[in-house]
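Letter by letter, the chains look like this.
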Amino acid sequence: MKSKKASSFHEFARNTSDAWDIGDDEDEDFTSSSSSLQTLNSKVAKATAAQVLENHSKMRVKPERAQPALSEMPTNCKVNKSSSEAQLSRISEETCMRTPLQKQQSLPLRPVIPLVARISDQNASGAPPMTVREKTRLEKFRQLLSSHNTDLDELRKCSWPGVPREVRPVTWRLLSGYLPANMERRKLTLQRKREEYFGFIQQYYDSRNEEHHQDTYRQIHIDIPRTNPLIPLFQQPLVQEIFERILFIWAIRHPASGYVQGINDLVTPFFVVFLSEYVEEDVENFDVTNLSQDVLRSIEADSFWCMSKLLDGIQDNYTFAQPGIQKKVKALEELVSRIDEQVHNHFRKYEVEYLQFAFRWMNNLLMRELPLRCTIRLWDTYQSEPEGFSHFHLYVCAAFLIKWRKEILDEEDFQGLLMLLQNLPTIHWGNEEIGLLLAEAYRLKYMFADAPNHYRR
Amino acid sequence: MAGGEGPVSGVAESREHLFKVLVIGELGVGKTSIIKRYVHQLFSQHYRATIGVDFALKVINWDSKTLVRLQLWDIAGQERFGNMTRVYYKEAVGAFVVFDVTRGSTFEAVSKWKHDLDSKVLLPNGSPIPAVLLANKCDQKKDGSQNLSQMDQFCREGGFIGWFETSAKDNINIDEAARFLVENILANYKTFPNEENDVGKPKLDLDPLKAESKSQCC
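Protein chains in written order, with the UniProt record's numbering: chain A, 1 to 457; chain B, 1 to 218.
I should point out that these hints are in silico values taken from the structure, not numbers from a laboratory. Some hints could be false.
[Claimed, not checked] Within a straight-line C-alpha distance of at most 20 Å, the following computed SDA-like cross-link-like pairs (lysine to any residue) qualify: (1) B:Lys169 to A:Pro225; (2) B:Lys169 to A:Tyr204; (3) B:Lys90 to A:Lys309; (4) A:Lys403 to A:Pro425; (5) B:Lys114 to B:Gly158; (6) A:Lys445 to A:Ile427; (7) A:Lys330 to B:Lys65; (8) B:Lys169 to A:Arg226; (9) B:Lys120 to A:Pro180; (10) B:Lys58 to B:Arg179; (11) B:Lys141 to B:Arg179; (12) A:Lys157 to A:Glu134; (13) A:Lys349 to B:Phe55; (14) A:Lys406 to A:Phe389; (15) B:Lys90 to A:Glu353; (16) A:Lys349 to B:Glu91; (17) A:Lys193 to A:Pro237; (18) B:Lys90 to A:Asp151; (19) B:Lys142 to B:His115; (20) A:Lys309 to A:Phe200; (21) B:Lys90 to A:Lys406; (22) A:Lys157 to A:Lys187; (23) B:Lys90 to A:Met419; (24) A:Lys309 to A:Tyr350; (25) A:Lys327 to B:Met84; (26) B:Lys190 to B:Glu13; (27) B:Lys112 to A:Arg218; (28) A:Lys330 to B:Asn125; (29) B:Lys58 to A:Gly416; (30) B:Lys65 to B:Lys141; (31) A:Lys349 to B:Phe107; (32) B:Lys112 to A:Pro180; (33) B:Lys58 to A:Tyr350; (34) A:Lys327 to B:Thr85; (35) B:Lys58 to A:Arg192; (36) A:Lys403 to A:Leu355; (37) A:Lys327 to B:Asn83; (38) A:Lys309 to A:Phe389; (39) A:Lys403 to A:Gln422; (40) B:Lys112 to A:Ala321.
Note that this is a predicted model, so its numbers are computed, not measured.
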C-alpha cells in the first residue's frame with residue numbers, strides 16, 4: 001500500500017502544518033489503515049486531555065487578543081459571560097435524551113468542555129496565549145489578506161488546516177468567492193452586494209404572506225425556532241427574523257429547490273463567523289441588540305451571499321428527489337465497501353441501509369452530527385478544497401463512519417446500530433478530532449481520485 | 001377493542017415480537033415529540049426538525065408471556081423528502097398519522113399521507129396496515145371540540161382503525177393510542193401466527209380476517 005502517492009501525501013501532511021500539530025510527537029503514518037488512526041486517536045485523546053486540562057487552569061488568564069476587527073464596533077458592546085450552570089444542566093438533559101449511548105464517558109482522562117454548545121473553537125476566549133507558531137500563521141494570513149491582490153491559491157493552502165479565528169470572517173468571504181481578491185474593489189463590492197440583498201427584501205419579503213409563498217414561509221417560520229435550539233443566541237427574536245429573511249429570499253429566488261429542511265442549518269456557521277467579528281467573547285450568549293443596525297444588516301447580507309455561494313455548489317442536493325444526495329449516499333456505500341469490508345458487511349447482515357443514517361449526513365453536511373465549533377473548523381477546509389462541499393464531503397463522511405468502526409461492530413442488532421449512528425458521541429470534539437478526520441478524508445480522496453480501482457475487488 | 005376477537009388461547013409459551021411502526025404527518029405537527037414522550041417520558045420545545053428518518057425503540061411487557069418491541073420510525077414531514085418514503089415504509093406493520101389541531105392545513109394533509117402510506121406498503125394479504133390518527137397538541141385547542149361523530153366518520157372513510165386526541169406536552173392519550181395500535185397489530189398476529197420468530201428484524205404479521213376491523217373507531 002505504501003506507494004509514491006502515499007509518500008507525496010506524507011509531504012502534503014508536513015506542509016499543511018497545524019492540522020497535524022497534535023501528531024507532531026507521533027510517528028505519523030497516515031498511509032496505514034484506519035486501525036492505526038484509531039491507535040493514534042487514543043494517544044491523541046490523552047495528549048489532548050492533558051492539554052485541555054492545562055488550558056483550564058489558565059482559563060482566567062486573559063488571552064492575547066487581536067485588534068477588534070472593524071471600527072464599527074459599538075462602544076456599548078456588552079459581552080455576556082457564559083452563564084454556564086443553567087445551560088449546562090439543560091444541555092446535559094438534552095444529551096441524555098438524545099444519546100442513550102454515553103460512550104464518551106468511557107474516556108476518563110478527557111475533561112468536560114465547559115459548554116457543550118460552545119461555538120467558538122479552542123483558540124478563542126479562555127484559551128492560553130498564542131504559541132509562536134500560531135502567531136506566525138496569523139501573521140502569514142494578515143500578510144495575504146492585506147496585499148493588494150490576495151493570492152487566493154495561497155490563501156486556500158493556508159486555510160486548509162484551519163483559519164485563525166481573528167481572520168476567519170474576511171478569509172471566508174474571500175474563499176467563498178463573495179469578496180474579490182483585489183483589495184480596492186472589496187469595499188465597493190460589499191456595499192453593492194449588501195444593497196442588492198436589501199433590495200430583494202424590499203421587493204419580495206412582503207410576499208411571504210401571499211398565497212403562492214405562504215407554504216414556504218410557514219415552513220421556514222416553524223423551523224427557525226428549532227434551529228440550534230440549545231444555543232441562546234438563536235432564541236433571540238432579532239436573530240430569528242434575520243434567519244427567516246435570509247431563507248425566504250433564498251427559497252423564492254431558487255424555485256427549483258425552494259426551502260428544504262436542513263438549509264436552515266447551513267446559515268448558522270456564516271452567521272456566527274460574521275458575528276464573531278464584533279463579539280469579544282462567547283458568541284453563543286451574545287445579545288445582538290448591542291449591535292448597531294448597520295452592523296446587523298452587514299452580517300445578514302454577508303450570511304445570505306455566502307450561503308448562496310455554498311448552495312450553488314450543491315444545488316442538486318435539494319432539487320426534486322434530491323438526486324445529489326441519492327448519488328452521494330450510493331457513493332459512500334461503494335467507498336465503504338472498498339475501504340472497510342467488515343463494517344460494510346456488518347451493515348448488510350443487520351439490514352442497515354446507508355440511506356437510513358447518511359441521508360442526514362449529506363443533507364445537513366454533518367452539521368447534525370458535530371458541535372457547531374467543529375462545523376466551522378470543517379468549513380475552513382471545505383472552502384479551501386476544490387469542490388469541498390460537493391465532493392470532498394463524501395470522503396469526510398467515509399472517514400467519519402470508519403472512525404466509529406469499533407462501536408459499530410460491537411452493536412449486534414438493527415436498532416442498536418441505527419441508534420448509535422444517529423447519536424454518535426461527538427459532543428466533546430474540537431479541532432484535534434476534525435484535523436484527524438480531515439487527514440483521513442484526504443488520504444481516502446487521494447487514493448480514489450488517482451486510482452479509482454485501487455480497492456476494487 | 002380490536003384485539004378481542006383473535007384466538008388468543010393458541011399461543012402457549014412466551015413470545016417476543018418486533019413491530020415496525022411508522023409515525024408520519026406534516027412538518028411541525030409533533031411527531032418527534034410524541035415519540036420522545038412515549039419512549040423517554042420527556043417533553044421539550046427544543047427538538048430540531050427531523051431530517052430523513054429518526055429511530056426509537058420502545059419495549060413493552062405486554063403481558064406475562066408477551067414482550068413487544070416497537071421500532072418507531074419518525075419520518076421527516078417535509079414534502080421534499082416525500083420520495084424517500086417508499087424506502088422507509090417497507091415492512092411496517094402499523095402507523096400513526098399525526099396532525100396539529102391548531103393548524104387546519106395539517107389535517108387537510110392527513111388524507112395525502114394516508115394515501116401515500118397505502119400506496120407504498122400493504123400487509124401480505126393486500127390489506128392496508130393498521131393506522132391510527134392522532135390529533136396532537138390538543139392542549140392548545142382553541143374552539144370547543146371537533147365534532148366527534150365527524151371525526152369517527154372521517155376515520156371510517158379514510159380507513160383509520162381509530163383516532164385519539166393527544167398532547168405530547170401534557171402526556172395525554174399517547175400510551176392509550178400506542179396500546180390501541182399494538183392491540184390491533186397483535187390481533188393480526190394472533191389470528192395468523194407467524195411460524196418464524198419475528199425477533200431480529202421486522203416481520204410482517206398477517207391479517208386476512210381483520211380487514212373489516214378498520215371501521216372500529218374509538
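(request) Check each numbered hint from earlier against the structure, then list the numbers of those it violates in ascending order. (result) 2, 3, 6, 7, 9, 11, 14, 17, 18, 19, 21, 22, 24, 28, 30, 31, 32, 35
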